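Protein chains in written order, with this note's numbering: chain S, 1 to 204; chain C, 1 to 122.
For the record, the hints were derived by calculation from the structure and aren't laboratory data. Note that the coordinates shown come from a computational prediction; the quantities given were computed from them, not determined experimentally. Since no wrong hints were added, every one of them can be taken at face value.
Just so you have them, the derived chain C footprint on chain S, three or more residues with Cβ under 8 Å:
# : segment
1 : 154-168
2 : 190-200
If you anchor each label on the Cβ, the simulated ranges turn out as follows:
# : chain 1 : residue 1 : chain 2 : residue 2 : range
3 : S       : Lys51     : C       : Trp114    : 53 to 63 Å
4 : S       : Glu104    : C       : Leu43     : 51 to 61 Å
5 : S       : Ser48     : C       : Met57     : 51 to 61 Å
6 : S       : Leu109    : C       : Ile122    : 57 to 67 Å
7 : S       : Lys51     : C       : Leu43     : 50 to 60 Å
Idealized CB from N, CA, C, for every residue including glycine.
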Amino acid sequence: MVLDVLELLKRKDPSITYRRSCREGVCGSDGMNINGTNGLACITPVSSVVKSGGKLVIRPLPGLPVVRDLVVDMTVFYKQFEKIQPFLINNTPAPAIERLQSPEDREKLDGLYECILCACCSTNCPSFWWNPEKFIGPAGLLQAYRFLADSRDTAINERLANLEDPFSVFRCRGIMNCVAVCPKGLNPTRAIGHIRSMLLQRAT
Amino acid sequence: MVTNVTSFGRSGLYDWLVQRITAVILAVYFVTLFGYLLLNPDLDYQQWQKLFSATWMRIASLMALMALCAHAWIGMWTISTDYLTSDMLGGKATVIRFFFQTACVVLMFIYLVWGIQILWGI
Ligand code: SF4
Ligand code: SF4
Ligand code: FES
Numbered sequence: 001m002v003l004d005v006l007e008l009l010k011r012k013d014p015s016i017t018y019r020r021s022c023r024e025g026v027c028g029s030d031g032m033n034i035n036g037t038n039g040l041a042c043i044t045p046v047s048s049v050v051k052s053g054g055k056l057v058i059r060p061l062p063g064l065p066v067v068r069d070l071v072v073d074m075t076v077f078y079k080q081f082e083k084i085q086p087f088l089i090n091n092t093p094a095p096a097i098e099r100l101q102s103p104e105d106r107e108k109l110d111g112l113y114e115c116i117l118c119a120c121c122s123t124n125c126p127s128f129w130w131n132p133e134k135f136i137g138p139a140g141l142l143q144a145y146r147f148l149a150d151s152r153d154t155a156i157n158e159r160l161a162n163l164e165d166p167f168s169v170f171r172c173r174g175i176m177n178c179v180a181v182c183p184k185g186l187n188p189t190r191a192i193g194h195i196r197s198m199l200l201q202r203a204t
Numbered sequence: 001m002v003t004n005v006t007s008f009g010r011s012g013l014y015d016w017l018v019q020r021i022t023a024v025i026l027a028v029y030f031v032t033l034f035g036y037l038l039l040n041p042d043l044d045y046q047q048w049q050k051l052f053s054a055t056w057m058r059i060a061s062l063m064a065l066m067a068l069c070a071h072a073w074i075g076m077w078t079i080s081t082d083y084l085t086s087d088m089l090g091g092k093a094t095v096i097r098f099f100f101q102t103a104c105v106v107l108m109f110i111y112l113v114w115g116i117q118i119l120w121g122i
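Chain C extracted, bound-state conformation (with noise of 0.2 Å):
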């Protein structure tokens, strides 16, 4: 067994579950807000903005974010341990690694954050 402590959830099929799950919320979430601008071509602001303030709205705004910030964690992290390691880049290769996860990590939480403001500002 290979051990790591930066993955998600720390164990390859966790991820790969929560990979799998988030990818089908943001596809639904996604392609019904598209179908939604198809069914409404002449959208005004007061029915965009109706439509972002119901409660059922939200929850699912905020689920697709929570899911797009998972699944870009699980991602990112992945392409970091491909491509920013020590064979690719040489004694450096951990801090970079770290740093880079750290990066997204922190970027993730921001727009989080700022996504909850926004939804909730509405």
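Excised from the complex, chain S in its bound form (with noise of 0.2 Å):
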């Protein structure tokens, strides 16, 4: 694996700085860009991203400030990820158990609620690069769907609401470049378009 190369650096050079933590993909905190693609370090294998006799090449994920080596300053990752509300307002009295969902319920939220925030997807996202203050990014959009499409949740209209200017959401252009890079196998892509049909349901 990448990760394994970067230990035998450190060791050689304990300078070196990156973020690691669970080394099975798992934690997320090892996105890096690989020969030209975001990635875990950690689940790629060298083998997959170098050619034979070629060369492999580790940058930080583009578009956040770095802070050293491949450490980035991820604030910006998270602050819009704080602003879709990554969690369950529900207003009506707590039930005595948990509040139950039906198997298909619980079905919905499948592809979604895997995501590691490991920010791979954001960081290859064009518009997140253009406007990483403004639209939310693919990572904070697929948690945004989570729990809109969560039939525990209350507060959908207000979710919606906060969604509908112009960056939030709309600054996705379906490029694609979250999709192709989430080590989990996840969508955003479909989330957003899955948001877009929601808001357009309230408004028409």
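Given two chains presented individually in distinct reference frames, assemble the corresponding complex, making use of the accompanying hints.
What follows is the structure, given as structure tokens:
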């Protein structure tokens, strides 16, 4: 794996800096640009990115300020995540047990909840590069839809009202760079399409 | 919610919808016109003039012209807010962007009036 190469390098030069934690594709800390494509170093085999005799070029995630070596400042990425209110909103009285969901309703969250916020997608999205402060970006929008699609959430209207402006959702140009790199195989473009149809339904 | 006062309809949804509808109008208009040219290889001036002085053709042409202006405005506005930003141009960005947007609106308006004059002058 690419991460092993980095570990080897760090042993030789301890000043080399990068983030990693789980080293098995679960925590999302080691998103980086590997030979031109964003991915998680820990689950990217060197053989899959380097042709025999070729070079391995590792860069920090594009579009975010670099703190040091491969460590980027993810403040703006988290700010966009925070904007979509990534928690269940339900103003009905809490039941004595958990809020239950039918298996069908639960299934609607598949392909959404698995996101590990590695930022590979958003930092691969040209629209996010141009407007990181205004466009929520694929990662945030995937999570926005995760809560819009949740049968237990009662704030659909407020959530949609916050997304209607020309930037938050509509900066997505459907380039699908996000889908191409998601190490979890998720599809933010499809989620963005669902948000658009929900906005359309609400407004027409 | 990100606020903005210079976009076409001030709502992303509205702009998006207008962009799609105007695209369909333009596609239908120009494909039909192109088909007409293909079906009439030896078109002469009389026939061409008759086509464009028909009321239905004026309606269609005016609709296409207005669609073009709206479509172009939304497109140019989007380009200006992608590339003419302070990240790209620094402190002067707002002035440059606003100037660019104003120039686009004025140009679109000129084309619209001019276009109407041509259509009704036939
Ligand atoms: S589909 Fe949308 S969100 Fe995904 S990379 Fe393209 S512009 Fe960005
Ligand atoms: S959608 Fe995929 S690429 Fe984007 S942050 Fe989540 S796991 Fe990473
Ligand atoms: S180290 Fe946790 S995802 Fe790679």
